[in-house]
Amino acid sequence: MCKTGLVAVVGVPNVGKSTLINSLLGEKVAIVSEKAQTTREAQIGILTLGENQMLLIDTPGISKPRHLLDKKIMSDAMSRISESDVVLWIVDVSKSPREKDRQVIELILKSNYTNKIVIAMNKMDLLNPKHVISNTDLYRDLCPSAKWMLVSGLKQLNLDKLVEQILDLLPNGSKFYNDDEITDMSARKMASELMREASLKYLRDEIPHGVAVIVEAFDEKDGYVNIEAVLIVENDRHKSIVIGKNGNMIKRIGITSRLNIEKMMDKRVNLDTHVKVQYDWRNNPGKLQYVGY
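Counting from 1, position 109 in the sequence shown corresponds to residue 109 in this note's numbering; the numbering is continuous, with no gaps.
Hints in this document: simulated from the structure, not taken from any laboratory. In this text, all values refer to a predicted model and were calculated from it rather than measured experimentally. C-beta: ideal position from N, C-alpha, C; glycine also. One or more of the hints may lead you astray.
Calculated lysine to any residue pairs in the SDA-like style (CA-CA distance at most 20 Å, straight line) [to be verified]:
| no. | residue 1 | residue 2 |
| --- | --- | --- |
| 1 | 276 | 246 |
| 2 | 189 | 292 |
| 3 | 64 | 103 |
| 4 | 287 | 130 |
| 5 | 251 | 280 |
| 6 | 130 | 96 |
| 7 | 161 | 149 |
| 8 | 189 | 161 |
| 9 | 221 | 270 |
| 10 | 72 | 270 |
| 11 | 35 | 79 |
Between beta-carbon pairs, the in silico distance windows are [what the hints assert, rightly or not]:
| no. | residue 1 | residue 2 | range |
| --- | --- | --- | --- |
| 12 | 114 | 218 | 18 to 24 Å |
| 13 | 222 | 66 | 43 to 49 Å |
| 14 | 246 | 206 | 49 to 55 Å |
| 15 | 252 | 114 | 14 to 20 Å |
| 16 | 164 | 27 | 38 to 44 Å |
| 17 | 99 | 186 | 34 to 40 Å |
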């Protein structure tokens, strides 16, 4: 019997959700950064295993909202959890549970009525051997009914066993996507996400969290991809920093973005980038809609 279902990938920021999803799929579909709140919008990673299909929903890291954007992000995450067939709760097993981990499992139990939960105890490669039993027991105690597995998304350890556990809980059903599809995100949207990833890589403090990317033009022709994109920032000071001295920062972001988009598309890319100010856009409903949220 074929199995297909939605798997909400949930956890606090910086537990390795996106890295784990990319490792499970064998390709990069989710942007990765050491900074919190890298994921803003839920996207689906499609893992096809013969006649079975697992739809991995990369949800934003659950944290206390600070802006209207954060509230929209958290609302979307809760909605995805409630719609899913299985919840894959990612925790950093190299550390004992924190209060925010406890808050996440409380939200999961309130939002998901299937009660089918798998705990992926990630970063096992960083776990002190002395703490294996104590840390795993502490997480298991937070949700005794859940299945669990020690894994490492970065080192790709125990991922096959984790997949088996999830498949056991999925409902019977036929595939939603073709076998060669790995994400529901368009190439245009992926390009904007890769630009935001580069911004997160090079910008510091609060500045990258106030950056949005709008792809104004995306044209594929004669083996090339021509892209015109705008980086939206919250104020004039941030604009100066994003542009950088003699334009060095925006050039740096642009070069890294172009190389990553070329790798994704397997085509040459011409990328033209600009920076514009939308004052306090993260707290303005109209401006949020303008930038795509």
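If you check each hint against the structure, which ones fail? Going through the list in order, the structure violates hints 4, 5, 8, 10, 11, 12, 14, 15, 16 and respects the others.
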